[in-house]
Amino acid sequence: MQNASASASSQIPPLRRYRLRPVDLVLGPVILVVFLMLLVPGWIAPGSPTEFDPMASLIPPGGDYLLGTDEFGRDVYTRIVHGARPTLIVAFAGAVVGVILGTLTGMLAGYAGGRVDETLMRFMDALMSFPTLILATLIVVMLGSNPVNVVAALAVVFWPRSARIVRAVAMDVARRAFIEAAWVRGESHLFILFRELLPSVMNVAVIDLSLRITYATMLSASLSYLGVGVHPPTPAWGLMVKEGQQFIQFASWLVVVPCTTIAIVAVTCVLLGERLRELLAPAHRGEQ
Amino acid sequence: MTEMIIRRVGLLALILFAVSFMTFMIVNVLPGDVAAVVLGDGASPEQVHLLREKLGLNEPVLTRFVSWLGDMLRGDFGVSLLYGQPIKPMLATRLYNSLVLAFLALVLSVPVAILLGTVTAMKRGSWIDRIISSLTAVTFALPEFVKGLALILVFGIWLEVLPGSSLIEAGRHPLSQPLILVLPVLTVAIGMQPYFVQITRAGMIEAFRSDYVRTAVLKGLPPHVVALKHALRNGVLPAVAVIGMTLGNALGGLVVVETVFSYPGIGQLMVSAISARDVPIIQSTVMIVAAAYAVGNLLADIVSIALNPRLRY
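Line order of the protein sequences matches chains V and Y. Residue numbers for the first sequence follow our numbering, so the first one is 1 and each next one is one higher. Residue numbers for the second sequence follow our numbering, so the first one is 289 and each next one is one higher.
It should be emphasised that the hints constitute simulated quantities derived from the structure, not laboratory data. Treat the hints with care, since some could be wrong.
Said to hold, decoys possible - Cβ pair distances, simulated, as ranges: (1) Y/357 - V/25: 52 to 62 Å; (2) Y/499 - V/31: 54 to 64 Å; (3) V/116 - Y/347: 33 to 43 Å; (4) V/114 - Y/290: 29 to 39 Å; (5) Y/470 - V/172: 44 to 54 Å; (6) V/22 - Y/470: 35 to 45 Å; (7) Y/342 - V/144: 16 to 26 Å; (8) V/172 - Y/412: 27 to 37 Å; (9) Y/350 - V/122: 13 to 23 Å; (10) Y/354 - V/144: 42 to 52 Å; (11) Y/374 - V/21: 44 to 54 Å.
For clarity, every value in this text was computed on a predicted model and none was experimentally measured. Beta carbons are placed, not taken as given, at the ideal position from N, Cα and C, and that holds for glycine.
With the hints as constraints, model all of the structure from the sequences given.
Below is the structure:
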C-alpha cells in the first residue's frame, strides 16, 4: 500500500528525516523513565516491592511514602517501579513474537499465492474469529498461569492480524519486476523471501509492531487485572489495581496510582507509534 | 441479495463449527490437563485419575468433541462443576444482562460518534478536530478497567451521585435498577467511540470530496445543510456497516467492564468460572461470546452489502 510518492521520499533514510516536535519533549523523558524502570528498577526504587511492613499499612501519599502504601504496608512507588517488568516486558515480547510470526506467514502467503495462501489465511481467519481478550485468557488458563504463557497467548492473538497486513503488502510487492528478475536469475525462494521481499515489507511490519505494542500493553494489563497470568505478590500494574479496588472508598491511591501509570504508558505508546509512522511512511502524513 | 445472505449464513455455520472446534481443542489438547486444571496444583495423581474417569476424559478427543457439539446443538450445555447445576439457565440470564449493557451502550454511542465524526470532518485540521481526534486516540489507548475505575472514582466516590458497583439482586431485571447501569454503559460506550468516530470522519471526508457535495456547495447552500442533507447519507454508511462488528467486539470487551462493576453478565461468569476452574462453564461462555462475535461480524457484512450494491457481485 506504499504508493509511488512514498517510495520516492523513503529514499531519504528515516533518521535524516527526523525533525524535533514539541511532543517529543514530553515523550523523551517518559520513555527514558520507563526504560530506567525496566533496566535498573533497583536504582530508582531501592526498597523491596514485596516485603510486608504491618506498621506502615495504608498510609496516604506524601510524607515518607511518595505514593502511599498498600494494606500490607508495601510502598506503592517501589511496587510501580518494579512492576514495569512484569507488565511491559510480557507485552513487548508478545507483540514482537506475534509480529514476527505474522510477517513470516503474511510474506509466505502473499508470495506463494494459490493454495498455500488460501490455507494459511483461512487458518488465520479462524484464529481471528475469537475476541482478542477471550482467546488470550483461554490460552493462558489452559496452558498454565505464568508470564511465558501470556507471551504465547499475546503472540497468538496478534499473529493473524499482523499476517493480514503484511500479506496485503507482500502480494503487491511480489508482482513487481525486481522479484521476477530475481526469479529469472535463478535465486531460491528462500533468498527471494528474505533478501528481496522482507526489506520491502519491513516498514509496514515495524509500523504494525508499534501498534501491536500498544494493544499488547492494554491486553497484558487487562489480563493481569483479571488475575490471569500473574500471581500475588508480583507487582504487575493490572494486578495492583485489582487488589487495590477493594479499598477504593478510603484508599483511592491504590487504584489511582497504577491506573495513571498504565494510562501514561498507553498514551505514550500511541504517540510514539504516530511519530514512528510519520518517519517511516511520510506519504500518509496529513492524509487521514 | 437473498442468495448472498444465505451464503453468508452458511459461512457463519462453518465459522461457528471452527470456533467450537478450536475452543474445545484449546481446552482439551493443550498440555494443561483439564482434570489437573480443575483440581489445582495440590492434587494427587489418584484424584486426577478419578476425576478424569468421572468427566469421561479417557475417551478419544474427537469422540468427546462430537458428543459435546451434539449436546450443545440440542441446547444442553452441560453441568457446572462448582454448582452442580445445568449451565443453560445461567447462560441465558447472563447473556441477556450482557446484551442489555452492550445494546444501551450502542444506542448511546452511535449518535454521539456520528456528531463528532461529522464535526471533525467538516473542520478538518482545525483545533477542534485536533482536540477531538486526540481525545479519541487517548480513550482508545486506555484499557477498559482504567476508564471504568476513573468513572467510579469521579461519580461514585468523589461526587457520590452514582453507585460504583452494579450488582443485581437475583431474579431482578437489570432495567429495574437504571442507576446501576449508568457507569458500566458509559464505560462501554466510551470504548466504542474511537472506532466509530474515526470511521464516520473518514466516511464524511470522502463524501465531502464527491461531486454532488461540491455541486451543493457551489449552489450556495449553507455548510450545515450540505453536511446534513447531502454528505451525511453516504458519509455514515461505513459507520453503520460496522455496528454489528462493534457489538461483537463489545461483548468480547465486556469481560473486563463487568468485572470492574461486578455486573452479572456473561463475561463476569467466565471470569468467576476461570478462578473456580469450572471448565464446562469456561467452555460454554467462550463459545457463546465467540458466537456472538461471529454473528456481529456477519451482520456487519450483510449490512454493508445491503448498503453498497457494488459489493453484491
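We went through each hint and held it up to the structure:
no. : hint                      : in the structure
1   : Y/357 - V/25: 52 to 62 Å  : holds (58 Å)
2   : Y/499 - V/31: 54 to 64 Å  : violated (46 Å)
3   : V/116 - Y/347: 33 to 43 Å : holds (35 Å)
4   : V/114 - Y/290: 29 to 39 Å : holds (32 Å)
5   : Y/470 - V/172: 44 to 54 Å : holds (48 Å)
6   : V/22 - Y/470: 35 to 45 Å  : holds (38 Å)
7   : Y/342 - V/144: 16 to 26 Å : holds (22 Å)
8   : V/172 - Y/412: 27 to 37 Å : holds (28 Å)
9   : Y/350 - V/122: 13 to 23 Å : holds (20 Å)
10  : Y/354 - V/144: 42 to 52 Å : violated (27 Å)
11  : Y/374 - V/21: 44 to 54 Å  : violated (60 Å)
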